Every structure is written in structure tokens, then in C-alpha cells.
Amino acid sequence: MKIEMHVNGRPVSGEVEGRTLLVDFIRHDLRLTGTHVGCDTTQCGACTIHMDGAPVKSCSVLAVEAQGAQITTIEGMANADGSMSAMQQAFQDCHGLQCGYCTPGMVMAATALLKETPKPSEAEIRHYLEGNICRCTGYHNIVKAVQSASGQDVTPVAAE
Amino acid sequence: MPKDGGIGTSPKRREDIRFLSGTGRYTDDINLHGQAHAVFVRSDVAHGRLNGIDTEAAAAMPGVIRVFTARDFEGCGGVPCGWQITSRDGSVMQEPKHPILAEGKVRHVGDPIAVVVAETLAQARDAAEAVMPDIEELPAVVDMKAAVAEGSEKVHDDLTSNLCYDWGLVEDNREAVDRAIKDAAHVTTLELVNNRMVANPMEPRVAVGDYAAHSDESTLYTTSQNPHVIRLLMGAFVLNIPEHKLRVVAPDVGGGFGTKIFHYAEEAFCTFAARALKRPVKWTSTRSEAFMSDAHGRDHVTKIELALDAENNFTALRTETYANMGAYLSTFAPSVPTWLHGTLMAGNYKTPLVYVNVKAVFTNTVPVDAYRGAGRPEATYQLERIVDKAARELGVSPIELRRQNFITEFPYQTPVAVEYDTGDYHATMDKLLEITDHAGFEARAEESKRNGKLRGFGIAHYIEACGIAPSNLVGQLGARAGLYESATVRVNATGSLSVMTGSHSHGQGHETTFAQVVAEMIGIDADQIDIVHGDTARTPMGMGTYGSRSIAVGGSAVVRAAEKVINKAKKIAAHLMEASEGDIELKDGQFTVAGTDKSVAWGDVTLAAYVPHNYPLEEIEPGLEETAFYDPANFTYPSGGYGCEVEVDPETGHVEVLGFAAADDFGNVVNPMIVEGQVHGGLAQGIGQALWENCVYDADGQLLSASYMDYAMPRSTDLPMFKVDHSCVTPCTHNPLGVKGCGEAGAIGSPPAVVNAVLDALNRGGHAVDHIDMPLSPARVWAAMEAARANMGAAQPAARAQETAGGRSVGTP
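Protein chains in written order, with our numbering: chain A, 472 to 631; chain B, 393 to 1205.
Just chain A, with the same shape it has in the complex (with noise of 0.2 Å):
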């Protein structure tokens, strides 16, 4: 079946099987593939997309369930003159990511946080965050990065 939506800001269509997850709508159909898949299970969020403004595992939607929606994957995350976001710049400043794997979802879901919460204590950020599985980094510096991102002071990297 042929679906429509918008995915960072352009429209797009495409046609459908109607068991086609949205994750292999974006990374196979849309060759979006900043998008990861890390469990079919949405227990690691590897996935995590924003879906008309809310984090969404896309592993768990069908594509077809997207119907008309507004999709921002981590394609879509820098600002317009091209640069990071705040959130991606402060997981590099604070080394919040190793392998890269599971941080396309873990920025999309810490961004969506702050939209929630702008000055999330380090209890919140952790709570939110705990659908989001990563195996580098111990979550230590993803929590900095997310604190430094909404404006919070953090210890510098490498001297605490």
C-alpha cells in the first residue's frame, strides 16, 4: 500500500507491504540509515525516532501506522547552517558515545527530554533514559552530555 509522510522535513511516499516496520521504511526505503536496529524487541531503543514531536521506537510502528506523520530522524537533528545540535555537540564534548551504535537513538530520546524537562537532574536524565540501552559507555558520560546540553555546568571531561 502506498504511505505518505514527512521525514525531516520533506515529504515522502513510498509503497508498502502492510507488515513493513517504519525503522525498514526509513533505513531501506529512505536510505536513512542513521537509524539503528539493535533488538526487534523495543527494549534497546537503537531506534528511537521522533513521531509527530514524541520519541518513538520505530522497530514497534508500522510503517503504515506513520500515515501522514512528521518524522525527524538523527539525519535531521543539525541545526540549519549545518552544524550539531546542542545535544549532539555536548555527546562529543563529554565523550557520551563510543561505537556510535546506539547514539542516533539515545540523542533522539535525550533530546525529547529536554523538550519535557529542560533542566533534568541527574535522577530524570537517568529514568528517561532507561529504555535506551548502551553497552560502551556505563551511561556515565551520556548523563554529563545530557546536563551539559540543557545548560547545566559539568566536571570537564578527563578531570574528574
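Because the hints were derived from the structure by calculation, they are not lab data. What you are looking at is a predicted structure, and each value in this text was computed from that prediction instead of being measured. Certain hints may be false.
Unchecked claim - Simulated crosslink set (DSSO-like; lysine-lysine; CA at most 30 Å straight-line): (1) B:K695 with A:K590; (2) B:K979 with B:K962; (3) B:K979 with B:K963; (4) B:K537 with B:K489; (5) B:K695 with B:K574; (6) B:K956 with B:K979; (7) A:K586 with B:K404; (8) B:K990 with B:K963; (9) B:K404 with A:K590.
Position chain B against the provided structure of chain A, taking the given hints into account.
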């Protein structure tokens, strides 16, 4: 020297830009024109006779190109093993064939039986469900001790038993150790399980095979930590493709932690099928498939005995370990419980006599191989648990008992073959006690008590052998490959550099750190240096990344190649400045002549090398490109002290990690930011092993923990902020950077610190519990407290998972 980008500074990682913008290129992001999709049909029973496979219905389904079974691989080799261990009696280990697809029997849940290749992934999945294997189920071999008992069902009918090898280190010490234990003033004994782990890099494994008929060349894109090794193993031993006709590319790889070192059947399959079908073939693992096909880690069952004299000096140590190999021998599997484990059993202590016995056992489970730390976490866990237990039995401080027995003079020849070059264990202990505010612990414990909680502090020290490894030594020990590393430094005419390394980065940040090293040596900006890795067509033969070896071995190769380049460049500079080569100095990207104001820029020299109009052609060749292969003289020996503070809820047995601190000695550090990140990640995995993670099989060999709903990955809410310190520095004495490696330390030192902390909390609370097997789930902790209460503080068998004594490290969640 660059002010902000040289050795010892923390420039931001250059690779982050692509990872943060969604432009990374992981293997699953690669889609080739005309690509077909492979789906594996896997055994859903642990052990069975494969009487036949009906593929007819599947082959007739829409989009199906071909269904492959073992018959298609006649003439191919099996998946090879890279190590051969020799048993105590001089016989070599039993080494079964590991076929690409099951032949005659299935031997673990997940063992591949057939593969459907179809036009689309959905069509391949649909057809895979129509493949009908005829399996006659056999009793599963799961319990290790039962597996090696007389009359056990055999995993491999053509082997004499399920015993892979029975290994001793050092056999000549055995009788002396036995005597010392018999004569000791005190002997502490502990039986424990090192629980089975699943590495779980967030990126599942992927393989894409391609074949170019015009040149008869195969290419494999794969999620690997060591593409050259995959090329060698797969080309030479499995598919008979000469290396010059085989290219292996490991692009961005989303974490490895050991499980992406090994050569897997799926890689060989996709390469083979692409040649057979003359079109690209892609396989992407699902997470559940990863749980039943990625090599697992740990899974040791051990009895350890520590003998002490009347002054509490350690006099002897004896261990007996059953190590699970799983159903087949994975690439490094035999080396993990032996040379990566037995040789570390001296730990940080000057115990004069050590004897280690390891029995490696085949079972109907997924193959077990290296997982972050590989053998060293198992050694550290045993040692640091038994030292704590001995301290409790003797009524002395676990800190002081450690200090009393620390090795203090270096180099130190251990009784288990290795020689530590440097270290200062008192320094890391001092630093640890400082950063954990150990002096304030008792006050915090009182505060917890007022809140109805039990607070405990646990400590562990570790030593590890990294920077593997001297090739001549590992050759004697049974390695079937060398373990050097390589680098090519290619200087371009205008002065920029491409550095091609055999190491592979899958999160470690080599593109940043290796560039820092070269930038410092030449004195140019790191932005002028590109680090190339992960492609056999673009890098010299290298052994890849594992065992915390990249900076110590790979980095040393980069240094050696850069030195060769600089030496040649100085000759050219001497010619250009009409000076003596011995007077040329290179600093901040400028060649100068000592004692004069003559200088020539780096870029002018590199240009002269490629446009040799004014050039000493009679002495040296044009061009500026050098390769070095670096074979280390010894292992490196990082060490450290780890401290964990926990609170146990006595009502539920729930453990909360309140604080975790690490004081490491990694020798010199190239990028402190990256080193700290490595420690953070290792700590999370080690704490995860101690408290939550557990790979569980039932008695029939069914894998019960095959998704993130059943296998408890550490999540953001489970962990505290960490305190990490690497200011204690005793540089490695035998590599040019003085570095030791940091990738595995966190996972090695943390599990015993956590368990010691929980037991400290329980004992402070009046529960006389002397051991609980990992993971310390609320159920296990609560049961141990109850059992201690029921037995009035006597030994409490229920405190251990019941399967410990039986030799099965798996069985209860």
C-alpha cells in the same frame, strides 16, 4: 608539538561527527546492487540426530533463489580453531569439526541447519519457516562435571569423551603446592561459579558477501574486530580462496567486546553463497539469533584453595576449574581458560607456589570464547574472592591482608610463567582509599543502618596481561598465529599522512588517538593525519583488536613506521640544507640544523620526496612511505584497585550500587578522556555480571535468556556516576610509548569488588554469609540471608546456587 592534540591531551573524537550525524557506515548500512537475503534455519533443540532436511516446500516459495544445507559445503573446511592446548599427559586437545551447517547432528540451540536465500528478506524469512529438518532429539549435555563422567552422552560421537583437554600450570609445581597446602597454618577454600555472559554489542553481527566474476575476487563486509584474521582463516581453511582474491572489510563496527573477534559460519556462508549465486548475499542477525549464535563468555566452575602461614603470608594457591567450551571450539576458545587465565593466578601477590588445573568440557551449548577480559576476569574473581574470605576467616582487614602480600619488587617472575615488568600496587591501593573516602565509610554505614539498610564496602585488586603478545612465546603455548601488529605510514606529497593500521576500532577511538601519536612525533596538526583501518585491501596484514592490545602493539607499530619515515625525511632535509644528517632535528613540523638558523618545513621535504629534482637519488629512493611490523617483547601488565560501596535491602535482598571507584595504573596515557570512557564501560559490564546479567540454560539445554526481556542488560538507572583515576603511572618498560592498555580493566576488576561489598554488607548486618554466586539477584541474596539465619550463622549451602556443586554454571535465573 601541537598544543592541544598530542600525547596526553584529550582532543574530541573525530569519528563522533559521523556517528552523531547518522552518516556512520555500519555493515548493515551496506546494500549492494542485486543483493539477495539469507535467513538461517537453526536448531531449536540442544542435541539431536539430524536425519534429514526437507527443503522442497521452501525452495518452491516466492522469491526463493536457493536453499543451502551441509551437502553444499562438501569440499569446504570447517570453522577453524586458532589455538591448540596440550594436556597434562602430553596429548593434544580433542578438536571436533565445526561445520558451516550442521552435519548429521545438531549440537546446540541455534546450531545452523540450513539457509534460505531469497530476493527479499521477508521472502527468505517466510521460506525459512517452511524448511523441515527431521531431528531425533538426544539427551542434552549441559552439566560440565556430568559431561566428563563415565558413560555420559557425547556431544561429538567421534571424540573419546566430552573432555577437550586437562591442562596444568605449572605441572612441575603440583606436588610442592599440594605439600604446602597440607602443611599450612590456615587454608581457605571456596567453590564458585563465573557465570556465563553474552557480550551483546549493540550492533548485531552482519555479513555481506560479494563476488566479482570478471576478476574472480570475493569481498566480505563483516562486523569484525580483525578483518585480516577473518581473511586468513576463511580463505585458507574454510573456502580455499587465496588471499589475493579475497578482501575483507570491517567498516564501522558497533561494539565488539570480544565476540566479534571470531570467524563465524555466517561469514563463510555469505562469501560462499555470493560465489555460488554470482550475486551479493546479505545476512543480518536478529538479537535473539545473536544470543544463540554469538560466542558466549566466562562459564567457569572453580574450586580454589589458598594456604597461609601463621603470619598470614600466602604460601600456596591451588585451583581446579571446569571451563565450558560449548558445542564447538570457537577461534580463541582453548586459550581463554589456560594462557589468559592460569598465567594470571599469581595476581598482585607474591605467593611462591601456584598450581592451576583446567578441564575444558564440550556441552550442548553455544560455543564459549573471549569476552571483555577473557580469562583474566575469571582469575581475578577467584583470587579477590578467596583473599576476602581468608581475611574474614582470620579476622583481619582485607585491605591489610592484601597489602601484606603485595608484590613490591619489579621485574617480578611469577610462579605461573609470566614476568611483570612494572607496577606499584600500594600506590593504587592508597589512591583507591582516598577517592572512595574510605575514612568516612563507617559514618555512612551508620546512616544506612538508621534507614534500615545494610551498607558494605568491597575491594578488589587486579593484574592483567595485555598487549598480546610475543609471537615466539604464544607459538610455544599453542597459538596457530603470530600476534604482532602492523602499520603503514604513507606521507603524501603535500605533507598530509595516511596511517594504515592492522588494529581495528569499534568504539575505542583509534582514529583520534593514533593520530595524536603521529602528530606529536612530527609536530604537525592531527587534522593532517588520516587513520585507515578495517579493510584488508587498504591496510597491511595485522592481527586486529582485542586483549587491550591496540595502543600497546598497534600504537607501537605506528611509532616504528613513523620513525622510519622521519629518519628518511631527515636524510632528505639534510640534503636540502646541505648539512650532515646527524645534525638534523625535527620539531613543530620544521627540520633544523643544530647550531644554525637553517630550517626547512615538513611539507617542503615531503614534496622533495615525490618531486625529486633536488634529491640524493644515489643514496635513497624517492617517495616517503614506510611499513613496520611490531612484535612485543613481553605482555603489558596494567593493574589497579577497585572499590564498590553498596546498600542491601534486608527485606528484599535488593542491592543498590551507591558508588564505584577505580584507581588504575595503565602506564602512560595517550588520551585521558578516551581511557576514562573505556573504564566506565568496563565497569558497567563487570557490575552487570556481578548483579544482573546471566545466560541461562535449563537442564534440557534450552536457552532461556535469548532476548533483552530475559537477559538483564545494565540500564541507565542501575548504575551510579563512577570515580576513575589513572594518576598512578608506572610506564611499560618495553614498548616505545610506555603504555599498557585499558580496554578490559573495568570488566576484570569490578565483579569481585561488587560481590565483596555485598558480603561485607551482609556480614556487618549479622548475616554470616561467606559466598553467593553471581549474579547477586535479590532472590539469591535474600535466600543467602535466610539460610544464614536458619543455620544460626553456620555454613549455608542454600547461599550458593544449587548447581554450583554439580558443575553447571547455568540453570537458574
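Against the structure, the hints:
no.	hint	in the structure
1	B:K695 with A:K590	51 Å, violated
2	B:K979 with B:K962	11 Å, holds
3	B:K979 with B:K963	15 Å, holds
4	B:K537 with B:K489	23 Å, holds
5	B:K695 with B:K574	16 Å, holds
6	B:K956 with B:K979	16 Å, holds
7	A:K586 with B:K404	26 Å, holds
8	B:K990 with B:K963	15 Å, holds
9	B:K404 with A:K590	25 Å, holds
When the structure is compared with the earlier hints, a violation turns up for hint 1 alone.
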